[in-house]
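Novice: Numbering (the numbering used here), first residue to last: 1 to 217.
What the hints contain is simulated information worked out from the structure, not anything from laboratory work.
Each hint should be verified, as a subset may be incorrect.
Said to hold, decoys possible - Below 30 Å or equal to it, Euclidean Cα-Cα: the simulated DSSO-like pairs (lysine-lysine) are:
#1 107 with 119
#2 201 with 214
#3 174 with 50
#4 63 with 50
#5 205 with 88
#6 214 with 63
#7 119 with 73
#8 201 with 171
#9 165 with 119
#10 143 with 50
#11 143 with 201
#12 171 with 214
#13 73 with 88
#14 174 with 201
#15 174 with 205
#16 63 with 107
#17 143 with 197
#18 63 with 205
#19 88 with 197
#20 171 with 197
#21 171 with 88
#22 214 with 165
#23 63 with 88
Computed from a prediction, not measured in an experiment: that's the story for all the values here.
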Amino acid sequence: MKDRLSIVIADDHPIFREGLRRLLETERCFRVVGEAGDGERAADMILRLKPDVAVLDISMPGKNGLEIVEACKQAESEAMFVVLTMYKDEEYFDRAMDLGVRGYILKENASADLLHCLKAVAEGRYYVSSIISDYLLRRSERKAAFRESRPGLSALTPMERRVLKLIAINKTSKEIAKDLFISYRTVQNHRANICQKLGLKGHNKLLQFALENKANL
Numbered sequence: 001m002k003d004r005l006s007i008v009i010a011d012d013h014p015i016f017r018e019g020l021r022r023l024l025e026t027e028r029c030f031r032v033v034g035e036a037g038d039g040e041r042a043a044d045m046i047l048r049l050k051p052d053v054a055v056l057d058i059s060m061p062g063k064n065g066l067e068i069v070e071a072c073k074q075a076e077s078e079a080m081f082v083v084l085t086m087y088k089d090e091e092y093f094d095r096a097m098d099l100g101v102r103g104y105i106l107k108e109n110a111s112a113d114l115l116h117c118l119k120a121v122a123e124g125r126y127y128v129s130s131i132i133s134d135y136l137l138r139r140s141e142r143k144a145a146f147r148e149s150r151p152g153l154s155a156l157t158p159m160e161r162r163v164l165k166l167i168a169i170n171k172t173s174k175e176i177a178k179d180l181f182i183s184y185r186t187v188q189n190h191r192a193n194i195c196q197k198l199g200l201k202g203h204n205k206l207l208q209f210a211l212e213n214k215a216n217l
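Sequences are here, hints too, so could you generate the full structure?
Specialist: Structure, rendered in structure tokens:
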């Protein structure tokens, strides 16, 4: 671990951001080098100041926390990223892990978790708030039981699963195509394949299934 870890904080709530800065200032091993209140400024600051770690709120105007991580990774930033979230949503967590986020903290527990998280990250480890990890474990168990009751789900390809999850949040085929960088026609083909594998027939049956089972997909 370096003697002093340089840190950028990004959160659109000034009072919360100040609280994080004051918390980090209680430890000599941390040095806050920049603060941002929106996603665009945060991404620019990370690339310009080259901090060791960026602590990002997942919900911000301009770019959200995960979009900032993605933009910085594409620009070959060497910063490590810690995300603060109000959500226990598995999709956000999976996306964060896919992007190489090193710390994932529930925002309401930030004051208790952040120092432990940053020390873990500085030592090359990952850190996830215990509340989130417990929730994800219980949800994983529920999903496993649901999949056993629906054998067709295990036959879905990774892309078909992503399409199904987006249908479950009421995204249209055009919106799904844009989100996944695929054509509208490809989305329609995925929808047809999902229906076939799950034995769904009839108008809007796929949407109905996705909405009713959103928590288990």
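Novice: Return the numbers of the hints above that this structure violates; sort them in rising order.
Specialist: 3, 9, 10, 18
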